[in-house]
Each structure stands twice: as C-alpha cells, then as structure tokens.
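> Read off the chains here:
Protein chains: 2
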Amino acid sequence: MVEYHVIPIGRVESTLKERAQAPRQGDEGAPDAWLVFEPGVADGIRDLAAGAEVIVLTWLDRASRDVLVTRPRDDPARPPTGVFSTRSPDRPNPIGLHRVRIVATEGLRVLVRPLEALDGTPVIDVKPVLDRAAER
Amino acid sequence: MVEYHVIPIGRVESTLKERAQAPRQGDEGAPDAWLVFEPGVADGIRDLAAGAEVIVLTWLDRASRDVLVTRPRDDPARPPTGVFSTRSPDRPNPIGLHRVRIVATEGLRVLVRPLEALDGTPVIDVKPVLDRAAER
Chain W
917 MVEYHVIPIG
927 RVESTLKERA
937 QAPRQGDEGA
947 PDAWLVFEPG
957 VADGIRDLAA
967 GAEVIVLTWL
977 DRASRDVLVT
987 RPRDDPARPP
997 TGVFSTRSPD
1007 RPNPIGLHRV
1017 RIVATEGLRV
1027 LVRPLEALDG
1037 TPVIDVKPVL
1047 DRAAER
Chain C
917 MVEYHVIPIG
927 RVESTLKERA
937 QAPRQGDEGA
947 PDAWLVFEPG
957 VADGIRDLAA
967 GAEVIVLTWL
977 DRASRDVLVT
987 RPRDDPARPP
997 TGVFSTRSPD
1007 RPNPIGLHRV
1017 RIVATEGLRV
1027 LVRPLEALDG
1037 TPVIDVKPVL
1047 DRAAER
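Chains as they are written, first to last, in my numbering: chain W, 917 to 1052; chain C, 917 to 1052.
I should point out that these hints are in silico values taken from the structure, not numbers from a laboratory.
Since this is a predicted model, take the numbers as computed values, not measurements.
For every residue, glycine included, the Cβ atom is placed at its ideal position computed from N, Cα and C.
Hints are not guaranteed to be accurate.
Unchecked claim - Derived coverage of chain W by chain C (criterion: at least 3 residues anywhere in the stretch with Cβ under 8 Å from a Cβ of chain C; other residues may be distant): (1) 922-934; (2) 961-970; (3) 973-983; (4) 995-1003; (5) 1008-1021; (6) 1028-1042.
Only chain W is shown next, with the shape it has when bound in the complex:
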C-alpha cells in the first residue's frame, strides 16, 4: 500500500503539556493557543484574520496508531466501539480536527480559541469553515 508524507506547516504553542491535562474537545474548557507557522508557508496564511472561524488539522503525535476499538471518552459504561465511530486520538492516522476562532495574528503566529491540542503538536492544515447558508 502506498504511503503519503505529511509535512508539518507549524506547531501548537499551548499551556497544555500532557494528555491527562487536555479536555476531550475544545469546547470543554480548552485554552487559547498559538499556531506558530513555518516561514515557508507565510503566503498561505496571509489571509487569516482575527474573527474568522477555521478548522485546524493537527497530527496527534502522541496518539497510538494501532488502536481500532476503544471506549468513547474512556467511559467503562460505554461499549467498545470502532474508532471510526469515535473522536479518539488513538486511530491509524491520528489527525485532529479543531473548529476554532482566530483571536489575533502576529506575523507567523496566529492565536486561536479554544484548542485542546497539546503543546508542540504539529499543525498540518487550516481550512475556512464552510457556512452553507451564508458563504455561497
């Protein structure tokens, strides 16, 4: 099977340092965090502006990639569930999806809210939220 290579475009800079600290989802008390982009993608981020809602994709580099079945939210009351029916970070390709709002931009640094990804997590893509009603 062919493999593809993901190249980080930046890193998360956050007060969250360990997985045990991190909320399950951004809207469960996650802090603001900086996205610190590589100089090579400066042109790609030039239109990111405060106020915009975006989807940040990360590579969850502390996840386990050999997990196919898990208990959602580590809750023993829930039955074991196929990972593709959960948001567990442990999955074959550990890509995180984070819907956030841009709070501020400073050159290659973009402050977003809220973000549950850990400090140092690679950022691999940013996409605008498609608002089907308003955007087209």
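Once you have looked at the hints, place chain C on chain W.
Below, chain C alone, put in the same frame as chain W:
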C-alpha cells in the same frame, strides 16, 4: 522538519473519474460513492451504520502540493488568496474533508452521500459528526 506517514485505510469508488468532472463541494451535485476499506481496519468500521453523519478525510492524491496562493473556485473575479483561507485541493498537505451521510454498508464497503472525491482517492480517516447540542 519531521515528516509523518499517512497510511490509506481504504479507497473511494466513484463515477467521478477526473478533476474537471468533480463539483467543488459535495452539496453541489456530487454523487453517492462507495468507501472500500482495507480488511485490516474491519474492526474500526464495525459501528458505522446507515443513517449516521460522518466526516470522511481523504488524501487528494491528484492535487498540487506547492501551491500557497490561489483564486477561490478558479474565479478570475476573486483576488488571489492564501490557500489556508480556501478549500482548494491544492495545498501543502492535500487532505479533503467531506461531511456525508452513510446510506448503506456491505461488509468492508460503505456507501456515502454526497462525495465529490475522485475514483481511487485514498481514504485516511472517518470521524463522527459532533453535534454539540445533541451528542453530549
């Protein structure tokens, strides 16, 4: 800079064969398409069921990875825009996000609607839609 390796978990089987045929977004007339999973991830897809809304992540293997600025929807009336403020497939890590509904499942094959990805596109992840109001 460290690279990460994405391993396809399946492929798209679709009537869309070429990029010129494909709508820009799934809700602009895209067809139903099959996701055909690898036998090795069978346990991971076991809870995908007809009716569920999921986000399919693909690796857009026919995209250009060296594009940082583009015109949204190839519209000459729009100004050149940093790719991270667009949904262009041409971007450093060409990951597609597709919100679809599962129509049917047959073993390792899952029929979804609508999907604008081309025939043969690698599938790299599937996640449930988080309905913040209803799900938690």
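> Could you run down the list of hints and mark each one as holding or not?
Verification of the supplied hints:
1. Here's how the region 922-934 of chain W fares: 4 of its residues keep a CB closer than 8 Å to some CB of chain C, so the rule of at least three is met and the hint holds.
2. Counting residues of the region 961-970 of chain W whose beta carbon lies closer than 8 Å to any beta carbon of chain C gives 6, which meets the minimum of three for the stated coverage.
3. A stretch counts as covered by a chain when three or more of its residues have a beta carbon under 8 Å from one of that chain; for the region 973-983 of chain W and chain C the count is 3, and the coverage holds.
4. Taking a C-beta to C-beta cut-off of 8 Å, the region 995-1003 of chain W contributes 7 residues in contact with chain C, enough for the three needed, and the coverage statement holds.
5. Residues of the region 1008-1021 of chain W lying with their CB closer than 8 Å to a CB of chain C number 4, which satisfies the three-residue condition for coverage.
6. Under the rule that three or more residues need a Cβ within less than 8 Å of chain C, the assignment of the region 1028-1042 of chain W holds, with 4 such residues.
Every hint, counting from the list given before, is met by this structure.
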